[in-house]
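Here the protein sequences line up with chains A and B, keeping their order. Here the first sequence is numbered in this note's numbering, starting from 494 and rising by one per residue. Here the second sequence is numbered in this note's numbering, starting from 494 and rising by one per residue.
Keep in mind the hints are simulated off the structure, nothing from the lab. Any given hint might turn out to be false.
[To be verified] Below, computed lysine to aspartate or glutamate pairings styled on EDC-like, alpha-carbon distance capped at 20 Å:
no., chain 1, residue 1, chain 2, residue 2
1, B, Lys644, B, Glu672
2, A, Lys579, B, Glu520
3, B, Lys579, A, Glu696
4, A, Lys579, B, Glu517
5, B, Lys543, A, Glu546
6, A, Lys644, A, Glu672
7, B, Lys579, A, Glu520
8, B, Lys734, B, Glu775
9, A, Lys543, B, Glu546
10, B, Lys734, B, Asp681
11, B, Lys523, A, Glu565
12, A, Lys778, A, Glu861
13, B, Lys579, A, Glu518
14, A, Lys579, B, Glu518
15, B, Lys785, B, Glu844
[Claimed, not checked] Covered stretches of chain B (chain A as the covering partner; in silico rule of three or more C-beta atoms under 8 Å from a C-beta of chain A):
no., stretch
16, 540-552
17, 631-641
18, 736-743
19, 748-754
20, 804-818
[What the hints assert, rightly or not] Pairwise CB distance ranges, derived in the manner of DEER restraints:
no., chain 1, residue 1, chain 2, residue 2, range
21, B, Ile790, A, Phe573, 51 to 57 Å
22, A, Pro793, B, Gln554, 30 to 36 Å
23, A, Ala829, B, Ser505, 44 to 50 Å
24, A, Glu818, B, Gln526, 56 to 62 Å
25, B, Pro842, A, Gln526, 23 to 29 Å
26, B, Glu577, A, Gln526, 20 to 26 Å
27, A, Arg853, B, Gln550, 50 to 56 Å
28, B, Gln550, A, Ser495, 40 to 46 Å
29, B, Tyr574, A, Glu546, 34 to 40 Å
Glycine included, every Cβ here is placed at the ideal spot set by N, Cα and C.
In case you want the letters, here they are:
Protein chains: 2
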Amino acid sequence: MSNPPPFSRLVSSLPASVPFVPPEETERQKGRQIWLRLGANESTFGMSPKALEAMQQATAQSYLYGDATSYELRGELADFYGIERKNILIGSGIDELLGLTARVFLNPGDAVTTSLGGYPTFNYHVDGFGGILHTVPYQDFRNDLTGLAEKARETGSRILYLSNPDNPTGSFYPPEAIEKLRRSLSPDCLLLLDEAYVEFAGENAIWPIDPEDPQVIRTRTFSKAHGMAGARIGYILGNPKTLAAFDKIRNHFGVNRPAQAGALASLRDRTFLEAVVESVTEGKKEYARLAKETGFITLPSSTNFVTFDMGTAERARATMDDLWERGVFTRVPGTAPLNRLLRVSVGTPEERREFARVFREVVSSLPE
Amino acid sequence: MSNPPPFSRLVSSLPASVPFVPPEETERQKGRQIWLRLGANESTFGMSPKALEAMQQATAQSYLYGDATSYELRGELADFYGIERKNILIGSGIDELLGLTARVFLNPGDAVTTSLGGYPTFNYHVDGFGGILHTVPYQDFRNDLTGLAEKARETGSRILYLSNPDNPTGSFYPPEAIEKLRRSLSPDCLLLLDEAYVEFAGENAIWPIDPEDPQVIRTRTFSKAHGMAGARIGYILGNPKTLAAFDKIRNHFGVNRPAQAGALASLRDRTFLEAVVESVTEGKKEYARLAKETGFITLPSSTNFVTFDMGTAERARATMDDLWERGVFTRVPGTAPLNRLLRVSVGTPEERREFARVFREVVSSLPE
Chain A
494 MSNPPPFSRL
504 VSSLPASVPF
514 VPPEETERQK
524 GRQIWLRLGA
534 NESTFGMSPK
544 ALEAMQQATA
554 QSYLYGDATS
564 YELRGELADF
574 YGIERKNILI
584 GSGIDELLGL
594 TARVFLNPGD
604 AVTTSLGGYP
614 TFNYHVDGFG
624 GILHTVPYQD
634 FRNDLTGLAE
644 KARETGSRIL
654 YLSNPDNPTG
664 SFYPPEAIEK
674 LRRSLSPDCL
684 LLLDEAYVEF
694 AGENAIWPID
704 PEDPQVIRTR
714 TFSKAHGMAG
724 ARIGYILGNP
734 KTLAAFDKIR
744 NHFGVNRPAQ
754 AGALASLRDR
764 TFLEAVVESV
774 TEGKKEYARL
784 AKETGFITLP
794 SSTNFVTFDM
804 GTAERARATM
814 DDLWERGVFT
824 RVPGTAPLNR
834 LLRVSVGTPE
844 ERREFARVFR
854 EVVSSLPE
Chain B
494 MSNPPPFSRL
504 VSSLPASVPF
514 VPPEETERQK
524 GRQIWLRLGA
534 NESTFGMSPK
544 ALEAMQQATA
554 QSYLYGDATS
564 YELRGELADF
574 YGIERKNILI
584 GSGIDELLGL
594 TARVFLNPGD
604 AVTTSLGGYP
614 TFNYHVDGFG
624 GILHTVPYQD
634 FRNDLTGLAE
644 KARETGSRIL
654 YLSNPDNPTG
664 SFYPPEAIEK
674 LRRSLSPDCL
684 LLLDEAYVEF
694 AGENAIWPID
704 PEDPQVIRTR
714 TFSKAHGMAG
724 ARIGYILGNP
734 KTLAAFDKIR
744 NHFGVNRPAQ
754 AGALASLRDR
764 TFLEAVVESV
774 TEGKKEYARL
784 AKETGFITLP
794 SSTNFVTFDM
804 GTAERARATM
814 DDLWERGVFT
824 RVPGTAPLNR
834 LLRVSVGTPE
844 ERREFARVFR
854 EVVSSLPE
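Kindly produce the complete structure, drawing on both the sequences and the hints.
Here you go:
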């Protein structure tokens with residue numbers, strides 16, 4: 494059999510890689526089923542009953558394409574944030590929007606700055622559009638904002654990526670720190686602020702939204718606190734001139750109809766969201782006590798997951814593997830020094846109890 | 494307010510354009526609601542009740558990400574076609590897959606051949622990745638296969654796009670014609686065969702699938718006969734080496750969970766699909782009689798829509814506009830000579846009667 498026609502130079506240059514192997518694939522490879530899925534920061538509280546109802550109703554209408562402009566949902570979000578529709582762009586989750594951001598801002602060879610061990614899917618898309626990644630190590634398991642600002646200037650980066658609250662550490666920076674980072678940018682660098690977990694930041698003050706700032710875009714999602722990861726819907730808050738560039742290239746009819754309806758209903762159900770956040774806050778305390786009881790510590794978390802510092806990469810890996818053998822899915826970041834962290838989503842109270850039980854068993858059998 | 498950081502050269506070079514204005518947007522602009530939506534070739538028969546049930550059940554589980562490998566659905570499709578999983582790639586509808594195809598095969602400046610007035614979203618994605626479109630006029634409202642083959646050779650095209658059955662004309666080519674086109678390709682040209690409407694081809698023989706052919710990919714969808722346009726799911730049949738290139742760049746977790754479940758269930762419900770195809774076949778005959786009765790003709794259609802030849806672009810436009818004023822959404826292609834065609838989706842028997850009623854009113858009031 495002969496070869497396909499030549500691929501583009503860019504695609505030819507890329508390695509075969511995927512940002513994440515899905516747990517279903519690992520289940521098939523290992524021949525073991527997961528019964529406690531705490532490795533992808535999905536919200537096992539599920540979605541708002543009102544969102545579920547709206548999605549199910551919209552499913553019955555899904556022989557029709559969804560509105561390519563997401564007019565209603567953007568209106569609801571605009572009201573929610575006190576901004577305008579033109580400051581909002583809807584996509585099939587943050588992952589798609591990160592890819593579009595790379596495509597809008599990068600020529601092949603352009604520099605991008607992110608943390609070493611930051612979100613792999615962002616890196617995947619930067620690679621995919623020929624950008625050159627420059628990384629700055631975490632400092633004490635927090636993004637090094639000064640180091641990121643310096644690296645971005647030094648490399649002439651076109652994008653500086655920051656996840657805040659951060660994945661995979663759970664750490665968070667308050668408004669003044671982000672403001673300082675923003676002011677440090679040269680005029681040809683975009684601050685891409687990934688706020689997937691912002692609803693879990695709790696009592697922390699969030700950097701105020703300036704929807705007209707031409708150098709900032711913020712990505713948010715219905716995948717985490719809203720419990721709609723499998724529905725695939727997220728959004729960008731940004732300057733209309735920037736969003737107009739996205740509109741030149743995005744897949745206009747890509748956001749499915751039920752997700753649009755579900756997101757709208759979920760936004761209106763603040764009671765449900767608050768209950769989820771409250772239970773997650775409680776769960777984070779439980780995980781901290783569990784760590785202490787078993788001789789470990791957890792890092793402070795402003796997300797819906799907790800990272801257990803297992804002391805060494807070997808111990809973190811052994812714990813994750815043993816948990817998997819017992820049907821419990823968690824994750825350990827691939828990059829040192831984050832690879833000594835075990836990242837565990839905060840599930841429902843019952844799931845937390847089950848996790849605590851299995852975790853105690855696993856760590857009690859770890860080699861010293 | 495200052496400008497955003499510079500966009501990529503490619504994005505900067507693109508005009509502000511969208512392939513299709515969604516009917517919801519036109520409704521808002523015109524201040525008039527549509528009650529009969531026959532302009533987007535959606536299947537108003539809806540989806541299989543089994544698919545609907547499967548989607549609604551999966552929605553309740555949609556706090557979980559979907560399987561990024563779509564393992565089960567690919568298995569079902571592989572069985573259905575008698576091919577292997579590795580020959581199938583799932584995406585969020587054909588539109589996304591057309592964009593990925595452009596990205597996999599095109600360097601900026603590379604040539605692409607398509608019909609003049611062919612599917613606008615394909616052209617949009619070619620533009621979006623810097624490809625140069627070369628077009629061949631339709632001949633008698635059919636794709637000119639000889640002309641396309643010549644143009645592809647002459648321009649050194651990397652992709653030759655063909656919709657078969659064709660949108661917007663409804664025309665169809667049998668296996669021997671496609672085989673001849675395939676054989677005409679130089680080794681560095683891909684045949685991108687868009688078969689969105691293949692289930693409606695009826696008694697026509699379909700070009701046999703050779704899943705290992707490295708120079709062909711075929712796109713198919715659940716948006717048309719399966720009635721799942723708003724769910725956003727489609728697929729490519731192709732050579733594994735080609736699909737591996739897609740896997741290097743695609744948005745791995747982009748296909749929503751309910752759509753995967755619905756597609757699986759719909760594939761298994763052949764009875765429903767056959768009933769839809771049968772009613773559409775009947776509807777095409779009704780539309781042909783309607784045209785004859787009102788002094789027009791329809792083109793033969795192997796799709797779920799019928800194009801009425803209104804004789805002139807002015808008359809086609811006036812008919813579409815008047816239909817819209819009466820709350821009926823149809824489309825007229827933008828490019829001559831196709832712009833004398835009124836494209837009308839075949840709806841349910843009741844919708845067909847309603848359309849006939851309004852169409853008669855409209856054409857009776859057309860200027861001579």
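Going through the hints against the structure:
no. : hint                               : verdict
1   : B:Lys644 with B:Glu672             : holds, 17 Å
2   : A:Lys579 with B:Glu520             : holds, 19 Å
3   : B:Lys579 with A:Glu696             : violated, 49 Å
4   : A:Lys579 with B:Glu517             : holds, 17 Å
5   : B:Lys543 with A:Glu546             : holds, 18 Å
6   : A:Lys644 with A:Glu672             : holds, 17 Å
7   : B:Lys579 with A:Glu520             : holds, 19 Å
8   : B:Lys734 with B:Glu775             : violated, 42 Å
9   : A:Lys543 with B:Glu546             : holds, 18 Å
10  : B:Lys734 with B:Asp681             : holds, 14 Å
11  : B:Lys523 with A:Glu565             : holds, 17 Å
12  : A:Lys778 with A:Glu861             : violated, 26 Å
13  : B:Lys579 with A:Glu518             : holds, 15 Å
14  : A:Lys579 with B:Glu518             : holds, 14 Å
15  : B:Lys785 with B:Glu844             : holds, 19 Å
16  : 540-552                            : holds (count 6)
17  : 631-641                            : violated (count 0)
18  : 736-743                            : holds (count 5)
19  : 748-754                            : holds (count 5)
20  : 804-818                            : violated (count 0)
21  : B:Ile790 with A:Phe573: 51 to 57 Å : holds, 53 Å
22  : A:Pro793 with B:Gln554: 30 to 36 Å : holds, 31 Å
23  : A:Ala829 with B:Ser505: 44 to 50 Å : violated, 39 Å
24  : A:Glu818 with B:Gln526: 56 to 62 Å : holds, 58 Å
25  : B:Pro842 with A:Gln526: 23 to 29 Å : violated, 47 Å
26  : B:Glu577 with A:Gln526: 20 to 26 Å : holds, 25 Å
27  : A:Arg853 with B:Gln550: 50 to 56 Å : violated, 35 Å
28  : B:Gln550 with A:Ser495: 40 to 46 Å : holds, 44 Å
29  : B:Tyr574 with A:Glu546: 34 to 40 Å : holds, 37 Å
This entry does not satisfy hints 3, 8, 12, 17, 20, 23, 25, 27, going by the numbered hints stated previously.
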